[in-house]
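Each protein sequence line maps, in turn, to chains A and B.
Position 309 of the first sequence, counting from 1, maps to 309 under our numbering, and the rest follow consecutively.
Every position in the second sequence, counted from 1, becomes a number in our numbering once 330 is added.
The hints are simulated quantities; they were obtained by calculation from the structure and are not laboratory data.
Be aware that one or more of the hints could be misleading.
What the hints assert, rightly or not - Computed list of lysine-lysine pairs in DSBU-like fashion (alpha-carbon distance at most 35 Å, straight line):
1) B/Lys430 <-> B/Lys495
2) B/Lys528 <-> B/Lys508
3) A/Lys312 <-> B/Lys363
4) B/Lys362 <-> A/Lys312
5) A/Lys199 <-> B/Lys508
6) B/Lys353 <-> B/Lys363
7) A/Lys199 <-> B/Lys337
8) B/Lys508 <-> B/Lys449
9) A/Lys312 <-> B/Lys398
Listed below are the residues making up each chain.
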Amino acid sequence: MFETAVLVETIVKAIIVVAVVAGMAGFATFIERKVLAFMQRRLGPMNVGPYGLLQLAADGIKLFTKEDIVPQNAVKPIFMIAPVIAAVTAFVAMAAVPYFPEFTLFGYVIHPIISDINVALLYVMGVASVGIYGPLLAGMSSSNKWSLLGAARAVVQMLSFEVVSGLSVLAPIMMIGSLSLIDINDYQSGGVTSWLVWKQPLAFILFAMAGFMETNRAPFDTIEFEAEVVAGYATEYSGMRWGLFFIGEYANMITISVLVSIVFMGGYNPVWFIPGSVMMLLKVSFWVFLFLWVRAAWPHIRPDQLMWVCWKVLMPLAVVNILLTGFALI
Amino acid sequence: MELRDFKQRNIAPGYIFFEGEQKPENGWQAFKKVVRRSLKGELFVGLWIVFREMIRFDIHTLQYPAQKMEMTPRYRAIHRLLRLFESGSERCIGCGLCEKICIANCIRMETHVDEKSRKVVSEYSINFGRCIFCGYCAEVCPELAIVHGAEYENASEQRAHFGLKEDMLTPLDTFRAKQQKEFPGFGALSDNADENVKQTPLAY
């Protein structure tokens with residue numbers, strides 16, 4: 001009986017997370033266009049609905065009804081499954097992420113996390129690295145040289161930045177002694193001064209940069225940088241398959257925002273009189289905004305510069321940070 | 331001034347030639363360059379500039395079908411034929427000067443003498459496939475009858491559209507509603523035309 005209740009609760013939570021995050025990912029595309037437009041002194045979408053809000057629905061209709069083209073020489077099954085991998089891994093990674101502090105609904109304590117596993121951080125990063133297969137397989141199966149270049153870049157760059165992000169979160173993990181995101185959150189329950197940003201500023205910066213890379217955002221979005229490789233791995237995609245890549249990218253963005261907020265910025269602990277859930281929303285919104293903000297402001301960097309900065313600067317810095325943390329802990 | 335001054339025409343006073351950063355020659359200089367660039371904070375200047383533009387909300391978008399660009403009266407677009415303010419009859423007296431001066435040969439008019447032995451314009455057409463919008467017709471018109479309006483949306487299915495007299499002439503109901511302005515476009519008298527006229531000694 002108890003197990004059935006847990007099962008039902010988990011399924012309900014999973015459906016809610018997928019629905020809400022997919023909705024947020026869709027809404028993020030609208031917000032992105034608006035924010036970029038305002039930063040470039042434009043208005044962005046205005047014609048469909050009030051302030052262009054129904055543009056979301058219009059885009060959805062367009063993506064769903066657009067012809068789904070598979071190129072003649074493409075490896076058809078892989079070509080068709082690749083966007084699903086990209087989107088699904090983005091959502092699967094959210095299974096171990098706590099969003100809010102636990103709350104009581106109708107006398108029933110709800111933990112807003114689908115599964116509190118004790119290797120949550122490792123799990124999230126592992127699933128996120130499976131997400132590389134999306135761009136990789138898409139690019140390799142498309143029979144298009146731009147896609148192939150995009151796939152090569154995807155595997156080279158995202159793999160490299162997996163190293164940086166993994167090494168950079170190692171230092172906070174050493175201090176906390178747990179991979180569970182709930183433990184990491186509870187470690188920072190002593191107000192703003194106990195946030196890990198102040199203790200691990202270098203790890204914070206490195207993890208943020210790796211986050212930008214792994215979500216494929218400017219200034220590190222050389223995988224699909226139009227001036228160099230047309231649209232990279234997504235060149236041959238149309239309709240909803242392309243849309244799945246897009247949803248995956250925005251879902252990843254939300255996951256990274258939540259992760260950075262939990263690991264480095266105090267998570268869902270209440271600050272002063274602001275309750276924890278509001279703090280969490282504020283932090284995640286700020287990070288999503290930062291993703292858009294950076295895209296409006298900064299130029300791309302070349303892939304060779306990217307690899308140079310990854311392996312010659314960021315990776316050694318992450319290792320040094322781990323060493324320093326280790327000495328400090330001893 | 332010497333010959334040397336003429337030869338250096340590209341360097342104005344106050345113009346500084348910037349040779350760019352010195353290239354690093356060894357590893358230590360390259361390292362210093364990387365550290366300097368990393369810690370300089372230029373990236374945050376960029377962030378601040380776009381954020382400042384966002385909160386200023388200085389939007390330049392023209393929402394086209396709803397809003398339209400305000401053209402200056404000197405803009406030369408599709409012609410208009412105006413009416414006399416007193417009587418509402420056409421200003422055009424059929425003198426044929428515009429037809430004569432038109433370098434693209436696109437103006438064509440037919441005139442006849444009516445029963446009151448006045449000259450009237452029976453047909454007036456401009457071929458907008460040929461018109462180069464030079465403005466000579468508006469300049470030459472002694473009666474200020476033909477002017478260039480501000481209508482800049484010239485897309486049409488047919489080349490000959492807008493070209494006939496009834497298309498260009500101010501409609502009577504517009505005229506009766508006093509919608510015809512004295513300075514509606516290139517070639518007409520400006521609103522402050524009287525102030526700009528200097529009286530000749532003959533007028534004293």
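Hint check:
| no. | hint | in the structure |
| --- | --- | --- |
| 1 | B/Lys430 <-> B/Lys495 | holds, 18 Å |
| 2 | B/Lys528 <-> B/Lys508 | holds, 29 Å |
| 3 | A/Lys312 <-> B/Lys363 | holds, 15 Å |
| 4 | B/Lys362 <-> A/Lys312 | holds, 14 Å |
| 5 | A/Lys199 <-> B/Lys508 | violated, 76 Å |
| 6 | B/Lys353 <-> B/Lys363 | holds, 9 Å |
| 7 | A/Lys199 <-> B/Lys337 | violated, 62 Å |
| 8 | B/Lys508 <-> B/Lys449 | holds, 26 Å |
| 9 | A/Lys312 <-> B/Lys398 | violated, 54 Å |
Checked against the numbered hints above, the structure breaks hints 5, 7, 9 and satisfies the rest.
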